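Using the sequences provided together with the hints, build the complete structure.
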Amino acid sequence: MHLEKRLRIGRAALALTIGLGVIAGLLLVAQAFLLSRAINLVFLQGAALADILPLLASLLGVGAARALALSGGEVSAQGLAESVKTDLRERLYAHILALGPAYTRGERSGELVNTATGGIEALDAYLREYIPQVALAAFVPLIMLLTVFPIDLVSGLVLLFTAPLIPLFMILIGKAAGALNRRQWTALSRMSAHFLDVLQGLTTLKLFQRSRAQIEIIAAVSDQFRKTTLDVLRVAFLSALVLEMVATISTAVVAVEIGLRLLHGVLDFERAFFVLVLAPEFYLPLRTLGIRFHAGVAGATAARRIFEVLETPPEVMLTDNARPLPPPSFHIRLENVVYAYGDRPALNGLSLEIRPGERLALVGPSGGGKTTISQLLLRFIEPRGGQITVDSFPLHDLPADSWREQIAWVPQNPYLFNASAADNIRLGKPSATMAEIIEAARLAGAHEFISALPSGYDTLIGERGARLSGGQAQRIALARAFLRDAPLLILDEATAHLDPETELLIQASINRLMQGRTALIIAHRLSTVYNADRIAVIDGGRVVETGAHEELLRQNGVYRQLVTAYAGEQAKPF
Amino acid sequence: MALAALLGALTIASSIALLAASAYIIARAALRPSIADLQVAIVGVRFFGIARGVFRYLERLVSHEANFRLLARLRVWFYTALEPLAPARLAHHRGGDLLARIVADIDTLEHFYVRVLAPPVVALLIALLMGIFLSAYDVRLALAVLAVLALAGVGVPLLTRYLSRDAGQVMAQTRGELNAALLDGIQGSADVIAFGQQEAQLARIQGINRQLSRWQRRMARIRGLDAALGALLVNLAATLVLALVTPLVRAGQIEGVDVAVLALATMASFESVLGLPMAFQYLGSSLAAGRRLFEIVDEKPVLAAQDYPQAQSPPSNFDLVFENVTFRYTADSPPALDSVGFTLRQGRRLAIVGSSGAGKSTLVNLLLRFWDYEQGFIALGGRDIRDYDPEHLRSWIAVVSQNTYLFNTTVRENILLGRQNASEAEMIEAARQAQIHDFITTLPGGYDTWVGEQGLRLSGGERQRIAIARALLKDAPVLVLDEATTGLDSVTERDVITALYRLMEGRTVLMITHRLTGLQAMDEILVLHEGKLAERGTHAGLVQSQGRYFKMSALQNESLR
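Heads up: the protein sequence lines correspond to chains P and E, in order. My numbering puts the first residue of the first sequence at 71, with every later residue one more than the last. My numbering puts the first residue of the second sequence at 846, with every later residue one more than the last.
Since the hints were made in silico from the structure, they are not lab data. Source: prediction; values computed, not measured. Quick reminder that beta carbons are idealized off the backbone N, C-alpha and C, glycines included. Be aware that one or more of the hints could be misleading.
Simulated restraints on C-beta separations [stated by the list, open to error]: (1) 892/E with 382/P: 54 to 64 angstroms; (2) 1003/E with 411/P: 53 to 63 angstroms; (3) 1152/E with 411/P: 53 to 63 angstroms; (4) 1174/E with 620/P: 48 to 58 angstroms; (5) 1004/E with 227/P: 38 to 48 angstroms; (6) 1268/E with 614/P: 41 to 51 angstroms; (7) 1151/E with 312/P: 55 to 65 angstroms; (8) 988/E with 124/P: 20 to 30 angstroms; (9) 503/P with 1136/E: 37 to 47 angstroms; (10) 312/P with 1003/E: 13 to 23 angstroms; (11) 224/P with 892/E: 19 to 29 angstroms; (12) 620/P with 1386/E: 28 to 38 angstroms.
Some chain E residues judged to face chain P by a derived CB distance under 7 angstroms, without partners named [claimed, not checked]: (13) 902; (14) 907; (15) 909.
Anything over 12 angstroms on all C-beta distances counts as not near chain E; from chain P, calculated [as the list claims (entries may be wrong)]: (16) 397; (17) 428; (18) 578.
Quick look at the structure:
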């Protein structure tokens, strides 16, 4: 798996963690030795307290050293987890950005956020607890075995032959328990989903007088869940029982076996007691590994998803022969451009010209390919066929970042960041002064409602802050565009969420914004389209008509149908 | 629950006994008695070896059983408390976000019993047991061991809690910030890239990440301290036992054989307290989860609990009267409705128009008794709507609104919500009239196709037609259309309106909209502006008077959609 490769980053921390674990194991052996010696002296030699004081002092000393090794191991394991997590998180986010909005849009974004947050955190326990424990489960029992063998061959053999039983059972159980765990987890998430569904649809349920009935349904679903889960758990617990039995019974076998040989005088007490104290510790690292197996599985699953994302090739390939940008009045041509979302075609050989300084409006039924054009111009996606040129140079030869600096983009659903209103506008020009921001907000018709927010321009907006309506969000995006002051303006249904009265108010400022710039306007309102120099009607992934408003009306084609559709409907009574 | 704790204590007691018995065998054997003297202890070792496993198995079974019972009751309790709050008291909570968190909170409480409640009880029982056992030898011995146990079981958790007192909160907050930054960076990636802010966003994520790492390292140090102190205290206890026992052995008060037994039993007893710092941490997250649940449960419903006559017959007619209704959502906010009055006779159609925020939806909320009004009077069939059981009142009103909620279940179940006992033929007829039947038959599973968040995603028009089928099946005398076609494109809108037309036949209709489409068919149109009635009349009349309605419709006629 790829995670092993990434582990190289934390190699030193991993070695330190394992080293400290081994030292703790050695100190445990020393501790057992001192303890059995002291007990031997008191029990059989009739020693006084003063006789064993040096032993007790060293026992405490060894204990303290072991305590240090344990806490050091904890800290260095965290260091390991952190270096790998930090590296992966930053790599993952950088890669998601490289994959671009075409990859992250829609339903996938939620899952990606989960991967970048929860998925990475799931690696924490995996790296911190599971990975070092795998090594320790091999080393520590080995140390104990090596100490026991010279002291008592028989006990050593008992340990040697029972030890493999634990990993063996663990693998057997792990396989079964893994499947059971998954099933139980699915059952839990299903029940939670049902609960969430009911809570979100509560108003609907109330309207149909079904909300009270849900009390019994929720009780029944929960109870059903309890029964099925317990069936699953019973098996899992039974497996754990078997595992535990192997460890305890082995300890018991050692105890009885040593006891009997003591009885016959083959072994002396001190050595026998030493072995007895070590026996449970011998099995402990293996059992701990078994307990952490779950974290291991969860971590491996999370890692798989993270590397899936990391290995997805980005769509936009940055080219090496990056040309310098053309002067700000450029001529854009789309020639026979083809694009498809998966199998769904969006543009079928579309050709379109955007002349310097003109206002070009794109109209047409939804799903016709209008937004795809803006995505291509922003280089969020690359054409599958045909080409886009800027002043006759291929667009993909221009450095993407500096090309985007030439564009001010107002999307239909702009994203508001968890930041102040001012910072959200500042996105358009990070170096903007407060006065510039307020001016931009004023022009976009946003100043009034921002001033009315609890802390004005300092009010936190976005997911966790004050809620803005779709129309208000669009005015923030317009303010960004005013601040941006770029030669090419792309308005993608930029006023769709505004009510007609508000739209009328800011239409004047939009007109001002378009002054002296090349503008691509995707719109549905006639007032915006009227003023365009040219209108291109897009349908079925192609340009079907182009021309000025009157010209198109005369053609009696798709445009005329669009303009009259509304009036026709208006005339139709209920 | 008590049984589970008892079983937990028995599990640890068995392992103490196992080690003690083993120590006894070896110590006794060292004195070379006959094998018969060891028989009891050998049996004991075998017994405790097996008992430990069996007890642990039973303990897990019993505690999980109890736990899931508790969770099931918790869900029912929470839902029962929440149900009367919807939707008025939940409106200011963030829709799905909060609810999703609540569901996660209830799942968090899954650990409450097994990891928070049981461990201290088990530790207490074991301490008691050790106290009795050791007192049988010497009281000072018992006190010394109990003191160290208390240090490990109470002192260490308190210390780690003190050291990490704000860490939990700060870390939760930092993690929240990191998640928010990642959410921004991923969901807002188009805006980030378009404005060339990739580096800045990455730097922001790195900054928060570094901060989180710092706290995580601090937590690791605390965990390390915890582990170190635990190991140290076990050691200290063993040393203390040896130091105290040695003089007693010499004095002949304790047999030499018992030295090993006491030392090992003491060390084994620490198993019960070493998990307690973890229990404290789980306690923190459980309390936070519980607090969030209570925040909701403690809200007061807007409708005071009230007894209604068991069986209320429907009124003889469904005339709807609003008289001087004034309403504010909170005491200090401006009125959402200000002295609004109108009469809608049974079988007539009334439209209420106005831009967003004019108070249109408030009217519907009051009629459905999601909120209660303060001034004025709303009557249905000649009686104040407050005299009806809200459940009955809502059974006479069908609503098709802009946000149709589809449940994660089959198309069939979603339509049958309108009337649970409808026959297959009735359901199909409703779907046919709502013009969705043909579409449903093309779905892979037909009426049994799974829809909703986890199933098939339906388009806006399809959702609205399912809502219409529901309303048709409900067959209520009063119909409320609350922005039922908002957000649909013009072609879809036309289809939905055709289906709505079927639904409106023979019903008393209250239509709320800001799209001035097809209003010629309404008997009366009210124009609301900032909570007040601005204009009223028929479509033709309002157009003629060239007021607000006229302006709104002129703006709208420019639309190309």
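So, going through the hints one by one against the coordinates:
1. 892/E with 382/P: 54 to 64 angstroms: holds (59 angstroms)
2. 1003/E with 411/P: 53 to 63 angstroms: Distance hint for residue 1003/E, residue 411/P holds at roughly 58 angstroms.
3. 1152/E with 411/P: 53 to 63 angstroms: This hint holds: roughly 58 angstroms between Cβ atoms.
4. 1174/E with 620/P: 48 to 58 angstroms: holds (49 angstroms)
5. 1004/E with 227/P: 38 to 48 angstroms: The hinted range 38 to 48 angstroms holds for residue 1004/E and residue 227/P, with Cβ atoms some 44 angstroms apart.
6. 1268/E with 614/P: 41 to 51 angstroms: holds (48 angstroms)
7. 1151/E with 312/P: 55 to 65 angstroms: Roughly 59 angstroms apart at Cβ, these two residues keep to the hinted range, so it holds.
8. 988/E with 124/P: 20 to 30 angstroms: At roughly 26 angstroms between Cβ atoms, residue 124/P and residue 988/E fall inside 20 to 30 angstroms, so the hint holds.
9. 503/P with 1136/E: 37 to 47 angstroms: holds (43 angstroms)
10. 312/P with 1003/E: 13 to 23 angstroms: Between residue 312/P and residue 1003/E, where Cβ atoms are some 38 angstroms apart, the hint is violated.
11. 224/P with 892/E: 19 to 29 angstroms: This hint holds: roughly 24 angstroms between Cβ atoms.
12. 620/P with 1386/E: 28 to 38 angstroms: About 34 angstroms separates the Cβ atoms of residue 620/P and residue 1386/E, which means 28 to 38 angstroms holds.
13. 902: OK, holds: residue 902/E within 7 angstroms of chain P, min 4 angstroms.
14. 907: With a closest approach of 11 angstroms, the residue 907/E hint is violated.
15. 909: holds (6 angstroms)
16. 397: Answer for residue 397/P: holds, closest chain E Cβ roughly 20 angstroms.
17. 428: holds (20 angstroms)
18. 578: At roughly 15 angstroms from the nearest Cβ of chain E, residue 578/P sits farther out than 12 angstroms, so the non-interface label holds.
When the structure is compared with the earlier hints, violations turn up for hints 10 and 14 and for no others.
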